[in-house]
Amino acid sequence: MSNDPHNSHRLNFWQKYIFSTDHKVIGIQYGITALCFLFFGFCLMMLMRWQLAYPGEPIPFIGKFLGENRAPGGIMLPEFYNELGAMHGTIMVFLGVVPLLVGAFGNYIVPLQIGAPDMTFPRLNMASYWAFLAGGITMLVSFFVPGGAANSGWTSYPPLADIATTGQTLWILGMVFLITSSLLGAVNFITTIFQLRAPGLTFMRLPVFVWAQLVTAFLLLLAFPPLEAAGILQLLDRVAGTSFFLPSGLMVSGEPLEVSGGGSVLLWQHLFWFLAHPEVYVLILPAMGIVSEILANNIRKPLWGYKSMVYSVIFLGFMSFIVWAHHMYLTGMGTAINAFFQATTMIISIPSVVILTCLFISLWGGSIRFNTPMLFAVAFLPMFGIGGLTGLPLGLSAPDIHLHDTYYVIGHFHYVVAPGTIFGIFAGIYFWFPKITGRKMNEFLGHLHFWPSLLFMNCIFMPMFVQGLAGMSRRLYDGGAQYAHLQGTLNLHKMISMSAWGLALFQLPFIINLIWSMCKRNIVTSDNPWKSTTLEWQTPTPPGHGNFPVEPVVYRGPYEYSVPGAAEDFTPQNKPGG
Amino acid sequence: MDAIPYTVEPRQDTGLYNAKLGVWLFLASEVMLFGALFSTYILLRIGAAQWPLGSSILNVPIGAVNTVILITSSVTMVMSWVALKDKSFGRFKLCLGLTILLALAFLAIKGFEYNAKFEHHYFPKTSTFLAIYFTLTGLHALHIVGGVIVNSYFWGPGCKMWQSDPEHFINRIEVAGLYWHFVDLVWIFLFPVLYLL
Ligand code: HEM
Ligand SMILES: [Cu+2]
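Residue numbers (our numbering), protein chains in the order written: chain A, -6 to 571; chain B, 25 to 221.
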């Protein structure tokens, strides 16, 4: 067929590595780009940490390169601090973590795990990557327009965002690109999982990772459009002079704003959180999936409660659409509405607990192999646990009145996303690296990466709970130095910042490991070095064009480890017989 | 294993070919997009001190004519698909051509309407009613433009596929039709909400 992107095997360099329609190449493109963004977002945060630990002091070494309009004499301006905060959040979530989880792991692993030759729409898949890159570049460019990048927080609340500098307009345009990208991806993932499952691979035989990606894709598909709508409205407010989010009688710097008024600031918050709460499950579900795969592989026995995990993931997906206003208790929505959202928030924590419990119980009685991927996967469990449990007080409006917009909230969600999801990502990289490159990563460097990272992550985020409980607000330029009630917890800032820089230092073993292992070293002799049951390991290494030499047929569930009477302690899904 | 299966024939257990599932998913996300804007309309209206009656600002007869035009175009769209099923390529060309012309007529009338508003100094920034009116109808018009581009492609260069791979081509027209009916449906909600209520 003339328009089949798979027909030609004689591809030149550009077709093969740059404008490729192969899900594996696109996955790697996503992975490398997103790791760079993750690193960049991390650097923004390290600058902020200097300002919090040493407010008003010039930034050593790099301060003088930041420019007079950002940091005159190396001392950070409040406006620049706000840019850093807004862009750190945006970049980490939309350009780092989600593209890694969905764009990289989802793209590379899902078609392999379901025994498919590629995604259903390879060209849309490529378009999705390029839209993502365009969004990323737009965000980066916004640092260099007059007034700098967006500086109204990653949440872009109006009226502030409506009247902010040009960077905010670019933020909206960037988000439109990213939303387009994720829409193309989501359609592709869902059709791929529904349509291209190998014969015999029924839904209840899908690995948990595929389930997680399926539900994630539905969240992206249905939750992002409202943010797109909100973005369009904010764009019109900014460039066409409308008043969607501007109430009547608004004063700016003592002057009444020349607009018609009649808009509502809460409208933005509703539209934003309608996306952003499901988005937090986009940030966590694929990571849970990765951890489940690695856990099952290294405990050498089936996951405990596979079915309850699957139903919990689906239930989480549904519920995540009706909890959004737990981010808005302080807006005075009224007790009736609060009561509804408190109830749904308490209900949604149940499936998370079910999943975590299943994974913990799975560990029981296993003969566990503690390799680097497993260390990260096991550490994910308590870290996510802390993050989830600290969410409960936030979900009840009475305690949230005290905790809202404090460092406690920062601690809560970072526990879920940093030592939670990002550990899941590291676990996934160490785990699937041998399939992608045909080489194993170094174990010693892996340990040198893991242990300090675990330590520093906790030294960074645990003290934030203390600061938040003491009443320290987030987004303060000087970290709250001027408040009497915060004097007792200010000194924690230094420790947190030191730990953050320490964390950065101990990412070096990872970067070295990644590059070094790619060049030579440790070539794996087997296509299935971890002795895994799922289909991605039953391919050549790295999988060629079309993935499987012959179409695989599936005869069993995903985690048949240590089956009594079986020849080996793992029985691949495509192995025929009882 | 090289070619992607189910590009033309449906998969047994889902009963769908890939593109059909794809377009339904895409439309689901579109429902959320317009749903969010309709919710915006409701929220703004509930919160407003006063809200104008649509018919006092907008031209109801013109809106009604446009409604008829779009519904007719949906009918011709279906007829073009049926024509292909009957293997009548000439009738297909006629019906799809009519669909495109009707869509262009809709856009022309919409443009005329916008222009009349501007002449009366009614702009998006004039009031929240006009703001949401221009946003909803503007976004809808963009969807019409998208549909015109897709349909023109299938009417022009894209229709060579009828010779090489007729089944696949019929599927494509079906998918384009699903999209077109959706755009039509959005208008059927827009018209009463904005013009009549
Ligand atoms: C398991 C149960 C969870 C509960 C009950 C919960 C509850 C909450 C609540 C009520 C807030 C709002 C706090 C406030 O602003 O005052 C919040 C904030 C947040 N949560 Fe969670 N959460 C849970 C899990 C998660 C997960 C899994 C993630 C992400 C991976 C996450 C990410 C976030 C983020 C990013 C914010 C802050 C948003 C912002 O204001 O910038 N949460 N959480
Ligand atoms: Cu939430």
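The set of hints was computed from the structure by calculation and includes no laboratory data. There's no promise every hint is true.
Here are the computed lysine to aspartate or glutamate pairs in the EDC-like style, where the Cα-Cα straight-line distance is at most 20 Å [claimed, not checked]:
#, chain 1, residue 1, chain 2, residue 2
1, B, Lys149, A, Glu251
2, A, Lys294, A, Glu544
3, A, Lys9, B, Asp26
4, B, Lys109, B, Glu191
Here are the computed distance ranges between Cβ atoms for each label pair [said to hold, decoys possible]:
#, chain 1, residue 1, chain 2, residue 2, range
5, A, Ala336, B, Ala27, 47 to 53 Å
6, B, Ala72, A, Asn5, 42 to 48 Å
7, B, Ala52, A, Asn451, 38 to 44 Å
8, B, Ala72, A, Leu448, 54 to 60 Å
9, B, Ile133, A, Ala391, 40 to 46 Å
10, A, Ala391, B, Leu163, 38 to 44 Å
11, A, Ile340, B, Leu118, 54 to 60 Å
12, A, Gly49, B, Ala140, 55 to 61 Å
Every residue, glycine too, gets a C-beta built ideally from N, C-alpha and C.
Hint by hint, here is what the structure shows:
1. This hinted pair checks out: Lys149 (chain B) and Glu251 (chain A) have alpha carbons roughly 10 Å apart, not beyond 20 Å.
2. The suggested pairing of Lys294 (chain A) with Glu544 (chain A) is violated, with an alpha-carbon distance near 27 Å, which exceeds 20 Å.
3. The straight-line distance between the Cα atoms of Lys9 (chain A) and Asp26 (chain B) is roughly 16 Å, inside the 20 Å bound, and the hint therefore holds.
4. Distance restraint check for Lys109 (chain B) and Glu191 (chain B): the Cα-Cα separation of roughly 9 Å lies within the 20 Å cut-off, and the hinted pair is therefore satisfied.
5. Distance hint for Ala336 (chain A) and Ala27 (chain B): a CB-CB separation of about 50 Å, consistent with the stated range 47 to 53 Å.
6. Take Ala72 (chain B) and Asn5 (chain A): their Cβ atoms lie about 60 Å apart, and the range 42 to 48 Å is violated.
7. Restraint check, Ala52 (chain B) to Asn451 (chain A): a C-beta distance of roughly 41 Å satisfies the suggested window 38 to 44 Å.
8. A hinted range of 54 to 60 Å for the beta carbons of Ala72 (chain B) and Leu448 (chain A) is consistent with their spacing of about 55 Å.
9. Range check, Ile133 (chain B) to Ala391 (chain A): Cβ separation about 56 Å, and the 40 to 46 Å hint is violated.
10. The beta-carbon spacing between Ala391 (chain A) and Leu163 (chain B), approximately 41 Å, falls within the hinted interval of 38 to 44 Å.
11. Distance hint check for Ile340 (chain A) and Leu118 (chain B): the Cβ-Cβ separation is about 56 Å, which falls inside the suggested range of 54 to 60 Å.
12. Separated by about 58 Å at the C-beta atoms, Gly49 (chain A) and Ala140 (chain B) satisfy the suggested range of 55 to 61 Å.
Consistency note: the structure conflicts with the earlier hints numbered 2, 6, 9.
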